[in-house]
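Q: Next come the chains, spelled out residue by residue.
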Amino acid sequence: MANAVRFLLGFEEQTVSDADPNMTVLSWLRTVAGRCGTKEGCAEGDCGACTVVLGEPDDQGGLRYRAVNACILFLPVLHGRQLVTVEHLRESDGRLHPAQEAMVACHGSQCGFCTPGFVMSLFALFHNERDADRRRIEDVIAGNLCRCTGYRPILDAAQRMLAMGGEDRFSRREEETLSRLRELDDGEMLTLAGAGRRYFAPRTVDALAELRRQYPEATMLAGGTDVGLWVTKQHRDLDTLVYTGSVAGLDSIEEHADTLDIGAAVTHSTAMERIAAHYPDFGELLRRFASVQIRNSGTLGGNIANASPIGDSMPVLIALGAELVLRRGHERRSLPIEDFFLDYRKTALTQGEFLERIRIPVAGADRTLRCYKISKRFDQDISAVCLAVCLRLDGDRVAAIRIGVGGMAAIPARARAVEQALAGRSWNDDAVEAACAVLEREFQPLTDMRAGADYRRLVTRQLLRKCLLETTRPAVATRVLEYREVSA
Amino acid sequence: MSSVPERILPEFVPGARTAHRALAHESAVGHVTGGATYTDDIPEPRNLLHAWVRLSDRAHAGITRLDVEACRQAPGVVAVMTHDDLKAATDVGPVAPGDLVFADGEVTYWGQALFAVAADSIDSARRAAMLAEVKYEEREAILDIRQALERDAAVSPVRTIVQGDPEGAIRGSAHRIRGQLAIGGQDHFYLEGQVAMAVPQEGGDMLVYSSTQHPSEVQHLVAGVLGLPDHAVVVEARRLGGGFGGKETQAAHIAAIAAVLAQQAGRPVKLRLDRDDDMILTGKRHDFLVKYEAGFDPDGRLEGVDFMLASRCGISPDLSDAINDRAMYHADNAYYLPNVRIVSHRCRTNTVSNTAFRGFGGPQGMMAIEYVLDEVARYLGRDPLDVRKTNLYGVEERNLTPYGQVVEDNILPRLFEQVERSADYAARRRAVDAFNRENPVLRKGIAITPVKFGISFTTTHLNQGGALVLVYTDGSVQLNHGGIEMGQGLYTKVAQLVAEEFGIALDRVRVTATTTGKVPNTSATAASAGSDLNGAAAVEACRKIKGRLRDFAAGRFGIAGESLRFEADALHAGEQRLCSFAELCKQAHLGRIQLSDTGFYATPDIHVDKDTMRGKPFYYFAYGIACAEVVVDSLTGEYRVLRADVIHDCGQSLNPAVDMGQVEGGFIQGMGWLTTEELYWDDRGRLMTHAPSTYKIPVASDVPDDFRVELASWSRNRAAAVRRSKAVGEPPLMLGISVFHALKDAIASLAPKGCSVHLDAPATPERVLLAMERLRRATDPAAAGEPVEEDAES
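As given, the protein sequences belong to chains H and P, one line each in that order.
Under the working numbering, read the first sequence as residues 1 to 488, first letter to last.
Under the working numbering, read the second sequence as residues 1 to 794, first letter to last.
Worth flagging that the hints you see were computed from the coordinates, not collected in a lab.
Just so you know, these numbers come straight off a predicted model, no measurement behind them.
Cβ atoms here follow ideal geometry from the backbone N, Cα and C, with glycine treated the same way.
It is possible that some hints are incorrect.
A few chain P residues that face chain H, going by a derived Cβ cut-off under 7 Å, partial list only [stated by the list, open to error]: (1) SER156; (2) VAL158; (3) GLY164; (4) GLY168; (5) GLU192; (6) TYR379; (7) VAL631; (8) ASP633; (9) ILE668.
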């Protein structure tokens, strides 16, 4: 059993045995390690000033680097990983890293406070994707806010960095890093006690099930992209944490003939790729759902189990008819996802039970899925309204339809009355207008800072109309995000 | 692999070696390596305490009980300060009182500071602060502009500018329109939040590291709350992680709290606000309610305009008078208003006191007139561009502003002509119209809007700057001036000017942290005036030193002083290189010549009558123009900016790379203000958008796909500003107004010509869709099935 957090800080080994499990990586860097290059901009994972990069073995025996937000990442999560910050990037002779050099050459910094975070996002890009185009780069830095430059020079810098190519000190030392990381992590469960708090990182699902039974009040920690804020924003004390990110198998995706079977600890980044292959619209929704940093930490399972009313994946999973596999000890049960949410932040999980897997039906090319997310900003914003429609037509008849909505009630919900109004009818204006009237009665949304109730109602009806248009008149351009032609 | 874009920057003043060149920001390497130190990164002194401020959770209430005893007893706590514990001044209002350090028996806005705790960690301080017992007796609160107008609640008296006979002109016009527009506020969202560290010195003095745009004011206000003379307080700032006006007055409150706690504890104290507290506790851009009436001829030429501009100032005057003055001074923007009345209401509300923000009221004033011109064009069924051009200031005539200043340097006609050509406006206007005829869902809009922005503080005495230039015997130079580096490249530009003066390489000039101990009594780095004032002051200091060096060298080499030139790191006479600059400095020192000096600059030729607001408030105008094209989803109100063409006037740019950054960044910030950045208060006066999760500034994907920005390299400042450059900090923000009007244009496509298009700012997808629904209902009774409410104003 391991009882100290062991990781590489750059290339330097660190052992922290008395860590407070509620301490964030950012706080540790700035106050304990004395490394102030990484900045705090918001302490909620929304501005990217704290972006650092984690290195860890991938499943092909290589080393993968991913950008994450240090401000909401708990220190023990570093166990067995390499933490790279902006101070590590220069070569030993002082030469700048291509990410840094390109940022200087393109005048990519003004006040400079967001710059370390951008540099780290670009550093991860340098290691992951050399062929990224401008739109992909926009997505890569969607989680980094800059208030000075207007981003154009940073986008240029990213392209310039990719064109420079080459190696850096991290790629040259990949083998060495891998072997050192293997030495740091003995494969045993990490158990920590510090500042009166406990932290467990089990390695098997059985061990997780046992801990869950033993400590039913413990906080389950997956990506921490919400739980982190409980500490940094709500100032809660999380006395016992059980981390799901080291559990073998819980991060796997199994492709079956008719289902995609996703482990609860699979990150959004990983899930997104596989889901997008089946459902491009769902893939795009997941892209917009959160920044790269959040997708790299946050998990689909966490998004569901945490029952946040603002999770964008839920309406889609409801529309698709996803099933959840819940586990308590050795007992498993499965539940349609729409039955999982009982009320605001309340789920069907019983004491000691946890979400193990998510099963998404994929069969049936005759099914059409359309996902819509309405928010003030396209990238990295929380939905005012989210609508997902899964439709199977028989000729022009609605043979089957499932509709999930978010933002219209305290929980993600299935629009059953609307579905009934449409089932068996011709898929046309009359049916959709009738469904709109039903929709009006089925939900009573709120007015809040994201949108007014009237807009929520109106736009949800409009989205149903859009769905009809897109499925019956595919030649009509309907999406501003995909529309890129400047008038000439 | 897509090709790497190259941004071509124009060349200014080819003979110059360092000035006018596109050099990298002086801290660029520090920025990208994490080596650049911000206030929170300064190595912490021994015994440092951390502060936490407890905020009120009522908008207006009497405090019936405030018991902090439990805070004092909490673990790790060293000092607790309430209003009653303050020993000297209790107010940090910059111009007039009204900004209390801590609430005094009453809270007047949600999020007001009640008291502060200093403890051995942030966590202890915060936990302790939550232990206080606070009881309130709620009072009626005034929360928005309408309520304030109804109740005549104001932070200062109404002001009016009148020129000609607006009433008569409107009455006599062939056409008249009237209407109103609500313009939202804006949070600065500097990436580095407010922070200060106060370090007690011997004899009770205080050293304050503050993230402030105005060290001299922080010094003065901190001295006030400590009960010390100004000379006992030193305020220092090396760089800010963004300011945008948000650290002009607001930083003083933070520094004052840190300082009084440090004085009380006898130990250093750091106060760094959490982002949410920062957004709740500190002021923002003023939201405005504009009412207008305009009379015009059949060509859309304005004959009379009557404006009512009301702004939400919040609970105290802060800088609201100057901000609203500037709004009035910009309600003409680029247009000649022969008969005009501008009435300005400065509304007092139980909300945080609004403050400076890039543009300083100018953007709101410009929005007012641009909106009117767009509505005039809609009314007449004409292209808004034609109406705008019809109303432009003339060059030789029709050039008198409503406040009596003659526009002497008008380059607007050339900017219009240039952008129409480079953006291919006429063809694209036709293409946009054709697109809108063919597409049932997506709609396009295109708009050109200009910027004319007055440069100078309208409070005339603030137009002064100082510098201290120290030349060492090895010929290296240390430069200090009163300006603050907050990302705008001021340190870089002033260093370039100094290097140019001495003819030395830029790396021979080191800019040091701005401190009240070196250059005293400075003005805020604000009003875009940083390089005009501090650059000119630094040049003056250099010229004094050069004069002495020249005299010395003339004697030493027996050459007439006026033939000596400082260039290429050496002293030259004609073709002859006499000696290196370093050697000259060494010899001059041996010759007992003073190698350092101060410089001072006061902007000439400006004056304002405080009562009538007439005069010449501005030394010159900076101009710009933008053309934006958008695509809008008429089903949802979502939109994107497809292309933007910008031409901006920086005069003879001191650094085209830096200025390009200001122009592009300003455009995007202005676009954000008018599109996605929505401040939302609930009905109890509580700000609900106080973090990046709820307050949405633009991200990279919001940048126009095709973003073409040019500097008007042909423009030369007619006023004698430093090296004929022009100020650039604020003006480009208002280029973003083009996006708002492109959206309005796209909405207008849903209705026949002649329809008014009401759209408030920010034009969130919600407001865009509701505006479209109103038009659809107004013009097509068959589509009237959808209930649409009017937008809530402010």
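Q: Now tell me, hint by hint, if it's right for this structure.
A: Against the structure, the hints come out as follows:
1. The restraint placing P/SER156 at the interface with chain H is violated, with a minimum CB-CB distance near 30 Å, outside the 7 Å limit.
2. Given hint, P/VAL158 at the interface with chain H, is violated; its Cβ is 32 Å from that chain's nearest Cβ, farther than 7 Å.
3. Below 7 Å, beta-carbon pairs count as interface contacts, and P/GLY164 has none with chain H, the closest being about 40 Å; its hint is therefore violated.
4. At about 42 Å, the closest approach between the beta carbon of P/GLY168 and any beta carbon in chain H exceeds 7 Å, and the interface hint on this residue is violated.
5. Annotation: interface hint on P/GLU192 holds; nearest CB of chain H at approximately 4 Å, less than 7 Å.
6. Taken as an interface hint, P/TYR379 does not check out: its beta carbon lies about 25 Å from the nearest beta carbon of chain H, beyond 7 Å.
7. Because the closest C-beta pair between P/VAL631 and chain H is about 5 Å apart, less than 7 Å, the hint holds.
8. Contact between P/ASP633 and chain H, as hinted, is supported at the beta carbon level, the nearest pair being about 5 Å apart and thus within 7 Å.
9. Interface restraint check: P/ILE668 against chain H, minimum CB-CB distance 3 Å, threshold 7 Å, status holds.
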